[in-house]
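Asks: Please put together the full structure from these sequences, using the hints given.
Numbering-wise, the sequence shown is residues 1 to 127 according to our numbering.
A couple of the hints might just be wrong.
With a straight-line cut-off of 27 Å between C-alpha atoms, the simulated DSSO-like cross-links for lysine-lysine are [as the list claims (entries may be wrong)]:
no., residue 1, residue 2
1, K41, K24
2, K124, K114
3, K24, K39
Have a look at the derived ranges for each label pair, beta carbon to beta carbon [said to hold, decoys possible]:
no., residue 1, residue 2, range
4, A14, T67, 56 to 62 Å
5, Q22, S56, 43 to 49 Å
6, A38, R64, 34 to 40 Å
7, V51, A14, 47 to 53 Å
8, F30, E59, 48 to 54 Å
9, D27, F66, 50 to 56 Å
10, L29, K2, 20 to 26 Å
11, Q37, L6, 36 to 42 Å
12, A12, A38, 29 to 35 Å
13, P50, D27, 34 to 40 Å
14, N35, L11, 31 to 37 Å
15, G15, F66, 52 to 58 Å
Because the hints were derived from the structure by calculation, they are not lab data. Just so you know, even glycine gets a beta-carbon here, dropped at the ideal spot from N, CA and C.
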Amino acid sequence: MKAIFLLITFLAVAGIYSASAQQKTRDILFPDYANDQAKLKANTSLALKPVEATLSSSEAIRARIFTNYQKPAGGAAPRSTQKTSPANMPSSKPADPKEADAQREALKKTITPKPDQGPDNSPKPKN
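Replies: Now the structure itself:
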């Protein structure tokens with residue numbers, strides 16, 4: 001129990017010491033740090049407020065929320081979809097065995113075989 005208390009005390013003292021050392025180092029490396037932080041906080045307090053925060057009357061709030069859900073004038077008309085007839089689809093052609101065989105032969109001619117890597121009985125490299 002005594003060891004745990006000493007460990008916690010040591011870690012707390014070490015943490016406080018390292019925090020103060022970091023602050024001293026920061027002040028040495030960046031001497032204008034405090035002034036820059038003050039300017040930054042001043043700028044954020046003067047930042048523009050959102051439109052909702054500037055609305056003061058209940059009528060303005062209602063007008064902002066409820067817009068009557070009307071589409072803007074001059075909106076685009078819906079597109080007409082063109083439907084293709086099933087007769088124009090390539091899969092709807094009647095199967096002709098002669099034509100299918102000709103297509104297969106043409107594909108076989110366009111496929112090139114793998115290049116030969118040499119005879120199978122070639123000597124294997126030694127490790």
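Asks: Could one say that the CB atoms of Q37 and L6 fall in the range 36 to 42 Å?
Replies: Holds - the Cβ-Cβ distance for Q37 and L6, about 37 Å, lies within 36 to 42 Å.
Asks: 31 to 37 Å was suggested as the range; check whether the CB atoms of N35 and L11 agree with it.
Replies: holds (34 Å)
Asks: Given the range 50 to 56 Å, decide if the beta-carbon distance of D27 to F66 lies inside it.
Replies: Holds: the Cβ-Cβ distance is about 55 Å, inside 50 to 56 Å.
Asks: Holds or violated: the 43 to 49 Å window for the beta-carbon distance between Q22 and S56?
Replies: holds (46 Å)
Asks: How does the Cβ-Cβ distance of A38 and R64 compare with 34 to 40 Å: does it lie in that range?
Replies: With Cβ atoms ~35 Å apart, the hint holds.
Asks: Keeping to a limit of 27 Å between CA atoms, is the pair of K41 and K24 held or broken?
Replies: holds (22 Å)
Asks: Take a quick look at whether K24 and K39 sit within 27 Å of each other, Cα to Cα.
Replies: Roughly 21 Å separates the two Cα atoms, so the pair holds.
Asks: Please work out if K124 and K114 have their alpha carbons no farther apart than 27 Å.
Replies: Between K124 and K114 the Cα gap is close to 21 Å, so the pair holds against 27 Å.
Asks: Check the following: the C-beta atoms of V51 and A14 are separated by a distance inside 47 to 53 Å.
Replies: Distance hint for V51, A14 holds at roughly 50 Å.
Asks: For the pair P50 and D27, does the Cβ-Cβ distance stay inside 34 to 40 Å?
Replies: holds (37 Å)
Asks: Holds or violated: the 20 to 26 Å window for the beta-carbon distance between L29 and K2?
Replies: violated (41 Å)
Asks: Does the Cβ distance between A12 and A38 fall inside 29 to 35 Å?
Replies: holds (31 Å)
Of the numbered hints listed earlier, the single one contradicted by the structure is hint 10.
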